[in-house]
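Colleague: Protein sequence lines correspond, in order, to chains A and B.
If you're matching positions, the first sequence starts at 173 in this note's numbering and goes up one per residue.
If you're matching positions, the second sequence starts at 43 in this note's numbering and goes up one per residue.
Just so you know, the hints here were simulated from the structure itself, not pulled from any lab data.
Treat the hints with care, as some may be off.
Unchecked claim - Straight line, CA to CA, 25 Å or less: simulated BS3-like cross-link-like pairs of lysine-lysine:
| # | chain 1 | residue 1 | chain 2 | residue 2 |
| --- | --- | --- | --- | --- |
| 1 | A | K214 | A | K203 |
| 2 | A | K282 | B | K240 |
| 3 | B | K155 | A | K282 |
| 4 | A | K390 | A | K368 |
| 5 | A | K306 | A | K390 |
| 6 | A | K203 | B | K155 |
| 7 | B | K201 | A | K203 |
| 8 | B | K240 | B | K155 |
As the list claims (entries may be wrong) - Label-pair distances were calculated between CB atoms; the ranges are:
| # | chain 1 | residue 1 | chain 2 | residue 2 | range |
| --- | --- | --- | --- | --- | --- |
| 9 | A | P323 | B | E265 | 29 to 39 Å |
| 10 | B | G290 | A | T194 | 50 to 60 Å |
| 11 | A | Q302 | B | L209 | 38 to 48 Å |
Note that the structure is a prediction, hence the values are computed from the model and not measured.
Ideal placement from N, C-alpha and C gives every residue a C-beta, glycine not left out.
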Amino acid sequence: MSSLSASEPRIRVEDVSVTYRTSLESAPTFKSTVLRLGRREKVVREVEALKGVSFEVPEGQVLGVVGANGAGKSTLMRTVAGILPPNSGRVEVHGRVSTLLALGVGFNRKMTGRQNVVLGGLAAGLTRDQLADKYEEIVAFAELEDFMDMPMRTYSSGMYGRLAFAVAVTMEPEILLIDEALSVGDARFRKKSFRKMRELCGENRTILLVSHALGSIKELCDQAIWIHNGELRMWDDPDAVVDAYTAFLEVGEDAFTMEDV
Amino acid sequence: MPPREENEFTSERHVYEPHKIGLPPLRPYVRELWRRREFAREMARTNLRAQHFNTAFGQVWLVLNPLLLACVYFLLVYILRGAGSRGTDFFAHLLAGLFAYYFISDSIRLSVKSVTGGGRLILNTAFPRALLPLAGVITAFMRFLPTLVIYIPVHIVAKLPVDQHLLWLIPLILLMFVMAAGAGMLVSALQVYFRDVKNFLPYFLRVWLYASPVLYYADEVPEGLHWILYVNPLGGLLTAWSDVLIQGASPEPWAIGMAAAWAFGIFIAGGLFFVSREREFAVRL
Numbered sequence: 173m174s175s176l177s178a179s180e181p182r183i184r185v186e187d188v189s190v191t192y193r194t195s196l197e198s199a200p201t202f203k204s205t206v207l208r209l210g211r212r213e214k215v216v217r218e219v220e221a222l223k224g225v226s227f228e229v230p231e232g233q234v235l236g237v238v239g240a241n242g243a244g245k246s247t248l249m250r251t252v253a254g255i256l257p258p259n260s261g262r263v264e265v266h267g268r269v270s271t272l273l274a275l276g277v278g279f280n281r282k283m284t285g286r287q288n289v290v291l292g293g294l295a296a297g298l299t300r301d302q303l304a305d306k307y308e309e310i311v312a313f314a315e316l317e318d319f320m321d322m323p324m325r326t327y328s329s330g331m332y333g334r335l336a337f338a339v340a341v342t343m344e345p346e347i348l349l350i351d352e353a354l355s356v357g358d359a360r361f362r363k364k365s366f367r368k369m370r371e372l373c374g375e376n377r378t379i380l381l382v383s384h385a386l387g388s389i390k391e392l393c394d395q396a397i398w399i400h401n402g403e404l405r406m407w408d409d410p411d412a413v414v415d416a417y418t419a420f421l422e423v424g425e426d427a428f429t430m431e432d433v
Numbered sequence: 043m044p045p046r047e048e049n050e051f052t053s054e055r056h057v058y059e060p061h062k063i064g065l066p067p068l069r070p071y072v073r074e075l076w077r078r079r080e081f082a083r084e085m086a087r088t089n090l091r092a093q094h095f096n097t098a099f100g101q102v103w104l105v106l107n108p109l110l111l112a113c114v115y116f117l118l119v120y121i122l123r124g125a126g127s128r129g130t131d132f133f134a135h136l137l138a139g140l141f142a143y144y145f146i147s148d149s150i151r152l153s154v155k156s157v158t159g160g161g162r163l164i165l166n167t168a169f170p171r172a173l174l175p176l177a178g179v180i181t182a183f184m185r186f187l188p189t190l191v192i193y194i195p196v197h198i199v200a201k202l203p204v205d206q207h208l209l210w211l212i213p214l215i216l217l218m219f220v221m222a223a224g225a226g227m228l229v230s231a232l233q234v235y236f237r238d239v240k241n242f243l244p245y246f247l248r249v250w251l252y253a254s255p256v257l258y259y260a261d262e263v264p265e266g267l268h269w270i271l272y273v274n275p276l277g278g279l280l281t282a283w284s285d286v287l288i289q290g291a292s293p294e295p296w297a298i299g300m301a302a303a304w305a306f307g308i309f310i311a312g313g314l315f316f317v318s319r320e321r322e323f324a325v326r327l
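Extracted from the complex, chain B is given alone in its bound form:
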């Protein structure tokens, strides 16, 4: 007999056995996921095409939306707080924060129905289901990239520093991606069991925005409310994001530490939950 191999999806030899503690063997799972990454990219491309991302006006609309929203929030904060010292650097902070926040919330909104909407594909094809929410995250990421380009002129007009500190953006964006993937897997699996998760999401996402240092600077949070920045998964991450972009400084250790802990925590929790529930998807849809 050939050597036993725990393969779930490979093309040549498949062994299907009961999953131990509800989890499929993870190493072949990840290998197959990677082998089919083309699927997630194609899915994202198809989604974007459906949103007319491939036309010039479609792209303009996608950037215009958060840009106008930034103007609305700027006006709101300006009126509520009085003129004060809010200038272009606050607008840059607001814009950068909104764009980052929209990447995360878009990822969640786009992946929440990825499994329940995956219907026939899930019923008829054996493949790592995690590809479906990941496709949602990739879609959100492709929408996030052009907004970064929009941010550049604002950064320059506000005369914000351009130096080596900006290299911190790379790990920060990576952490956002990891967090978005974890959250996407979590909500898309929950959606299978509670089909109204997507109805609760808008409220949750709105509160999340207000609890994040986007409409205000992190250091403006009153002493007694500082815990919010720790409890909020985006608290540390967006504090670090603003420190790097607006202050031109390295993020504080607590901020980057909290950001990494939350991102990987959500990724591991969401990933394990998703993968352990995956077998049931085919009979729950």
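Isolated chain A (complex conformation):
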């Protein structure tokens, strides 16, 4: 580790803030906009998902991310992946990135597994040759040989997650962003994916891992950060972060803020 710390960090997040506006309507329409005219109803909500977050991840480090639901973990992952550029601050990422985010890989349920893997890979910037090389490996890892030419709406949620996990880990990324994906499939596949994760963590890859399974954070990560209400609360080694986080969860926010005072 020490030899690498002198080099440029693989991921550098500098004072990043992300706000975005989302619509409260599930399907905003022109019709509803016209009907709403004159009434003062708020239909757009501004979300301050991240506020001035800074951290760095050197090469080969596995960084765990913990935090309550809605704390901004997923937004952080999407910002590092370049899906949601920051409103202020700067994110720098060196290397090929593969993402395995909470919502599954870019899958369209009407298309077959094969079409989804190919289209997702092409969108992520892979060439056809690279995809052809990896395709068999993906299918074998996901154990979905018989299902690849069926539309994905016929998949069970476990199969869905298995394919997503297989795509993300097979692409041999230098940087891997994983958002709560270790709990897909049945017990056997979970074991297999955990083994694969441990293998990847040992291979000098840079990994950002969001998980609510605090045990795996402790086991897999070299460092951890704790995000609370969009702010970086703590950045330390995983044991310390997880302990502080569990203590916080048990005593509740009131007690914590009282302690702060």
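Dock chain B against chain A, hints included.
Modeller: Okay, now just chain B, sitting in the frame of chain A:
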């Protein structure tokens, strides 16, 4: 420190910073778009396969539809206007005009839901979103090409001229493509904010057809209504299209001028609107 580089999507070094005036740096954007053109083509191919374009009957159906429609419109115009001097050359004009119009309207219909239907891909992958409506335009283009082949025997039967003027078709088709891409980006971005855009489209597209010189020749438009040909983005383009194909002449300067102005105008407006809204797509779906 290595030199700073404003790269949004490249595989090796990524810098994500706030977008200036709401726009991502355009040059790397276009470069990445080009690098992933394979995606748009594969997407178009997948769409076509879903429409059974890869089977013989599927293809026949796709050409049969506008062909039958041309017959219906021919009958309609024939009845409304009386027998008159309408012959095979008018049928050729009608057919060519409908095929061109269908290329544009198919592009719009196929791209309108490309972003809202792109769901998970948009939520989870960083790539230039403009590829999605462009895939719709490419799909429409692949459906347009066989209709051109269907047009050839009609052209020959109507004894229409075949000469160097037909070379004008190449820039005209290019202009159609540019206009379709711009319109596709515009409607697909609008669809994110107003999910009923796609419900209004059929009415809009129908009026657009009637306002375009397809069911009539451009020079039949009464003097007082001539402005329609200028206001309608397809007015100049389809006038030029018919002049080249049916009259065997170079398009008039006003027609080709209006066509180019509208095509690039729509492309730039639609493109800038789409790209400036792109960041929001990931949180609006």
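Colleague: The structure should be examined with respect to each hint, and the outcome stated for every one.
Modeller: Against the structure, the hints come out as follows:
1. A:K214 - A:K203: 16 Å, holds
2. A:K282 - B:K240: Between K282 (chain A) and K240 (chain B) the Cα gap is close to 20 Å, so the pair holds against 25 Å.
3. B:K155 - A:K282: 14 Å, holds
4. A:K390 - A:K368: 17 Å, holds
5. A:K306 - A:K390: It is violated: about 31 Å lies between the C-alpha atoms, which goes past 25 Å.
6. A:K203 - B:K155: The hint holds at about 18 Å.
7. B:K201 - A:K203: With Cα atoms ~51 Å apart, K201 (chain B) and K203 (chain A) exceed 25 Å; violated.
8. B:K240 - B:K155: With Cα atoms ~8 Å apart, K240 (chain B) and K155 (chain B) stay inside 25 Å; holds.
9. A:P323 - B:E265: 29 to 39 Å: 56 Å, violated
10. B:G290 - A:T194: 50 to 60 Å: 56 Å, holds
11. A:Q302 - B:L209: 38 to 48 Å: Cβ of Q302 (chain A) to Cβ of L209 (chain B): about 40 Å, so the range 38 to 48 Å holds.
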